[in-house]
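Enquirer: Sequences are here, hints too, so could you generate the full structure?
Taken in order, these protein sequences are the chains called B and L.
So the first sequence is numbered by the numbering used here: it starts at 1 and just counts up by one.
So the second sequence is numbered by the numbering used here: it starts at 553 and just counts up by one.
Only true hints are included.
Derived lysine-lysine pairs resembling BS3-like cross-links, with alpha carbons at most 30 Å apart: (1) B:K393 - L:K689; (2) B:K148 - B:K393; (3) B:K426 - B:K452; (4) B:K369 - B:K179; (5) L:K594 - B:K209; (6) L:K594 - B:K148.
Computed footprint of chain B on chain L, listed as stretches where at least three residues anywhere in the stretch have a Cβ under 8 Å from a Cβ of chain B: (7) 628-641; (8) 659-671; (9) 679-693.
Which chain L residues stay away from chain B? Per the calculated CB distances, all over 12 Å, these: (10) D586; (11) A590; (12) D599; (13) L604; (14) P615; (15) G617; (16) A705; (17) A743; (18) K761; (19) S762; (20) T776; (21) V777; (22) P778; (23) V798; (24) E799.
In case anyone wonders, no lab produced these hints; they're calculated from the structure.
C-beta atoms are modelled at their ideal positions from N, C-alpha and C, and glycine is treated no differently.
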Amino acid sequence: MRRPPRLPWPPGSVRIVRSVIAFRSAKAASLGSFRGAKVASFRNFRGAKGDDQTLIDRTLVGFGIRGGWQCLWVAILFSVFASPVCSSRVWAQAEVASITDRSMEWPDSSQWRRVLLLEDYNTRVVVLGVALLGAACGIVGSFTLLRKRALMGDALAHASLPGIAAAFMLATLIGADEKSLAWLLSGATLSGLMGVGLILFLRHQTRLKEDTALGIVLSVFFGAGMAMLGVIQQMEKGHAAGLETFIYGKTASMRAADAGLIAVASLLAIGSCVLLFKELKLLCFDADFAGSRGTPVLWLDWVLMALVVLTTIVGLQAVGLILVVALLVIPAAAARFWTEAMWRMAWIAAGLGMLGGVFGAASSALFPKLPSGAMIVLVCAVLFLFSMVFGAKRGMLIRSLRRRRLNRRVGRQHLLRGIYELAEDKSSRQSGSDRPAVSMRELQQLRSWSKKSLQATIRRAMRDELVQLRADQVQLTHAGWAEAARLTRQHRLWELYLVHYAEVAPARVDRDADAIEHVLEPELVDELEALLDQQPLTIEVPSNPHALTESS
Amino acid sequence: MINVTSSTPQETIHDHHTGLPSGGNSQCPLSVYDLTVAYHRKPVIWDVAFDLPAGSLVGIVGPNGAGKSTLLKAVMDLVPRASGRVEVFGQPYRQSRHRVGYVPQRESVDWDFPVDALDVVTMGLYSRIGWLWPVRKRHREIAMHALERVGIADLARRQISQLSGGQQQRTFLARALVQNADLYLMDEPFAAVDASTEKAIVEILRELKSQGKTAVVIHHDLQTVPEYFDYVVLLNMRVVSHGSVVETFTPENLQKTYGGRLTLLDEVTEAMRRKERSL
Numbered sequence: 001m002r003r004p005p006r007l008p009w010p011p012g013s014v015r016i017v018r019s020v021i022a023f024r025s026a027k028a029a030s031l032g033s034f035r036g037a038k039v040a041s042f043r044n045f046r047g048a049k050g051d052d053q054t055l056i057d058r059t060l061v062g063f064g065i066r067g068g069w070q071c072l073w074v075a076i077l078f079s080v081f082a083s084p085v086c087s088s089r090v091w092a093q094a095e096v097a098s099i100t101d102r103s104m105e106w107p108d109s110s111q112w113r114r115v116l117l118l119e120d121y122n123t124r125v126v127v128l129g130v131a132l133l134g135a136a137c138g139i140v141g142s143f144t145l146l147r148k149r150a151l152m153g154d155a156l157a158h159a160s161l162p163g164i165a166a167a168f169m170l171a172t173l174i175g176a177d178e179k180s181l182a183w184l185l186s187g188a189t190l191s192g193l194m195g196v197g198l199i200l201f202l203r204h205q206t207r208l209k210e211d212t213a214l215g216i217v218l219s220v221f222f223g224a225g226m227a228m229l230g231v232i233q234q235m236e237k238g239h240a241a242g243l244e245t246f247i248y249g250k251t252a253s254m255r256a257a258d259a260g261l262i263a264v265a266s267l268l269a270i271g272s273c274v275l276l277f278k279e280l281k282l283l284c285f286d287a288d289f290a291g292s293r294g295t296p297v298l299w300l301d302w303v304l305m306a307l308v309v310l311t312t313i314v315g316l317q318a319v320g321l322i323l324v325v326a327l328l329v330i331p332a333a334a335a336r337f338w339t340e341a342m343w344r345m346a347w348i349a350a351g352l353g354m355l356g357g358v359f360g361a362a363s364s365a366l367f368p369k370l371p372s373g374a375m376i377v378l379v380c381a382v383l384f385l386f387s388m389v390f391g392a393k394r395g396m397l398i399r400s401l402r403r404r405r406l407n408r409r410v411g412r413q414h415l416l417r418g419i420y421e422l423a424e425d426k427s428s429r430q431s432g433s434d435r436p437a438v439s440m441r442e443l444q445q446l447r448s449w450s451k452k453s454l455q456a457t458i459r460r461a462m463r464d465e466l467v468q469l470r471a472d473q474v475q476l477t478h479a480g481w482a483e484a485a486r487l488t489r490q491h492r493l494w495e496l497y498l499v500h501y502a503e504v505a506p507a508r509v510d511r512d513a514d515a516i517e518h519v520l521e522p523e524l525v526d527e528l529e530a531l532l533d534q535q536p537l538t539i540e541v542p543s544n545p546h547a548l549t550e551s552s
Numbered sequence: 553m554i555n556v557t558s559s560t561p562q563e564t565i566h567d568h569h570t571g572l573p574s575g576g577n578s579q580c581p582l583s584v585y586d587l588t589v590a591y592h593r594k595p596v597i598w599d600v601a602f603d604l605p606a607g608s609l610v611g612i613v614g615p616n617g618a619g620k621s622t623l624l625k626a627v628m629d630l631v632p633r634a635s636g637r638v639e640v641f642g643q644p645y646r647q648s649r650h651r652v653g654y655v656p657q658r659e660s661v662d663w664d665f666p667v668d669a670l671d672v673v674t675m676g677l678y679s680r681i682g683w684l685w686p687v688r689k690r691h692r693e694i695a696m697h698a699l700e701r702v703g704i705a706d707l708a709r710r711q712i713s714q715l716s717g718g719q720q721q722r723t724f725l726a727r728a729l730v731q732n733a734d735l736y737l738m739d740e741p742f743a744a745v746d747a748s749t750e751k752a753i754v755e756i757l758r759e760l761k762s763q764g765k766t767a768v769v770i771h772h773d774l775q776t777v778p779e780y781f782d783y784v785v786l787l788n789m790r791v792v793s794h795g796s797v798v799e800t801f802t803p804e805n806l807q808k809t810y811g812g813r814l815t816l817l818d819e820v821t822e823a824m825r826r827k828e829r830s831l
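Expert: What follows is the structure, given as structure tokens:
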């Protein structure tokens with residue numbers, strides 16, 4: 001295998017990436033759905049007609065694809081992406097176009113200013129529309145997430161593609177305005193709902209599980225849509241350019257009227273969620289109970305579905321049908337890390353969705369060649385990662401802090417009980433000091449703790465004035481003694497319980513009690529006492545039911 | 553059809569041979585007539601029929617998979633009925649559901665849901681609050697009072713996953729209590745709860761009984777049945793027997809309910825299911 005020479009930018013990898021991009025665009029353009037085709041039409045580029053074979057060869061060499069593994073890679077990509085509907089002429093056209101037009105211009109300062117300060121009316125309306133869309137998706141997504149129907153939106157979005165294509169074809173045939181958004185979106189709604197209906201049908205009429213039915217319907221509908229877009233590309237009449245925005249999303253190509261439609265639909269969705277908040281909450285939490293109270297559960301489920309349809313369909317143009325589900329799932333999932341209250345979760349999700357929408361729309365306005373759907377998803381992903389780590393209620397950071405606090409508490413309890421038990425042993429052998437000191441060495445032998453962690457635990461206990469350290473001797477303070485006695489008593493109560501009621505062997509009982517005692521709540525200890533049938537609350541520390549050396 | 557004879561004659565308000573009611577009895581909290589429910593053609597409960605006396609604590613007892621939960625759900629129209637009829641206080645459930653309180657199985661919901669205990673209890677008031685209206689202060693006060701009754705008022709603002717199993721069960725009970733119903737249907741309220749919760753639930757059941765209300769409780773612990781209940785329905789797909797605990801809760805009836813051998817009906821069911829699967 002021959003590798004290209006290593007340069008600052010590994011040329012091989014660049015080539016691979018470029019060839020991947022090129023072939024993806026080739027496939028998509030052939031189906032009339034990708035930027036390549038649009039760019040080609042913009043530039044009045046006439047497709048190079050000629051022999052497919054030589055063209056492929058030329059292209060491969062042009063990309064520097066020579067090595068065996070590179071060819072294999074390309075072949076795989078080709079067989080995956082270049083479906084039978086792919087006409088060689090069309091993809092050749094896009095191929096050349098995508099070579100000539102891959103430049104990404106960095107926007108200059110005036111463009112930055114125009115977008116960031118929303119100077120342009122169109123940008124203003126689009127950003128507003130997409131912001132509302134993000135908020136609506138966040139709220140609706142919170143409900144679908146909690147109803148565990150998160151992927152329904154995905155199925156719906158993918159299933160809408162054949163509807164878009166069919167509406168476009170129909171419009172071309174009857175001579176209507178084939179670019180009318182309302183027209184295309186009604187087609188999308190129809191086929192999206194058909195897809196969802198088919199999923200339900202498959203689930204009820206066959207023994208297929210929901211995820212299987214979802215996978216089948218989602219891919220078949222999407223495939224059918226792609227095939228139909230390929231047919232459209234072949235049609236004499238009509239300009240298919242523009243349909244690709246529905247796949248990857250493109251806010252840059254949105255008109256103010258389109259954004260207005262998005263805004264109205266989003267406001268409608270938000271309003272419905274606010275009005276039906278408590279009903280939807282009950283539906284998601286406990287549908288059976290809602291049904292027993294006479295709440296029309298089926299009807300409410302349909303309302304929720306309709307809200308998903310509404311937000312998904314109007315979101316197609318901005319986010320694209322592949323990625324629109326992200327706006328339904330990611331903000332809601334991220335919001336869950338911040339709160340334990342449903343209404344707060346919904347509003348946080350709305351805020352996060354809004355941020356995603358605004359940043360995605362702005363970056364699409366700045367870089368018209370970036371699909372805005374991708375940008376929205378990436379912004380959402382950043383927000384999600386941030387929430388996952390720093391979320392105030394369930395974030396990883398706060399949870400690891402809580403775990404550390406628990407570990408420290410357990411460590412301290414072990415320390416206090418260890419000192420107490422050793423001291424108890426000593427004072428029973430040699431009467432004298434009522435709180436005998438124990439040595440570090442003795443303590444360390446008691447448990448499998450490292451010297452370092454033992455020292456750290458002792459240091460923390462000293463700070464809280466529970467133990468004193470003199471040279472190598474550790475002694476409990478008065479407060480420490482009382483606490484240690486309480487802990488030891490708790491531990492031995494459990495040991496007694498386990499020995500007498502659970503018939504655990506006395507040699508093993510120490511470890512089992514150890515696992516339980518740290519999570520004991522006061523009322524459980526009370527119950528334990530009652531159960532052990534001693535004089536309640538005045539019970540003293542029972543004597544150790546096993547020899548100290550058995551402790552692990 | 554399985555003929556079920558009621559052990560207490562005054563409660564027999566319909567003709568068992570035809571399964572037709574002899575007229576709606578508004579005193580009878582729950583009458584079930586020849587109820588059959590099937591999931592995917594597999595019958596779960598078959599020809600179930602009984603009447604319950606008012607103001608009693610009723611235990612529904614039977615092995616796993618006997619259709620106990622399904623019976624309660626079928627009473628509340630939560631699962632489609634293949635045949636049969638249910639009357640609650642002499643009326644169809646739809647008309648009398650405001651007089652019914654439901655405590656579902658604790659495992660039936662996701663306790664990770666972002667709500668606190670008080671939220672859950674106010675859910676019992678939603679139908680009274682009405683559509684589109686928000687929960688107001690007085691509703692929260694009613695809910696708070698119910699939480700006090702079950703003894704966990706101090707945990708009202710705790711997220712429900714932070715509650716222990718017993719506390720979760722008490723929350724569900726409080727949610728049913730706010731409805732101030734006359735008939736309570738409880739699906740295994742004693743399952744996996746601590747001793748003090750069990751005691752608290754029993755106290756509330758007795759309180760309900762003293763107010764002339766009826767509670768139908770699915771119960772697993774056979775030992776406590778005579779202590780907790782005064783009426784019992786022994787269920788294993790069909791009603792094996794029903795009547796007062798003293799007369800009905802006998803070793804012979806329990807043997808029939810929990811008996812290990814497959815009956816002919818079970819075999820037919822199994823054969824039907826196999827056939828269905830092979831299609």
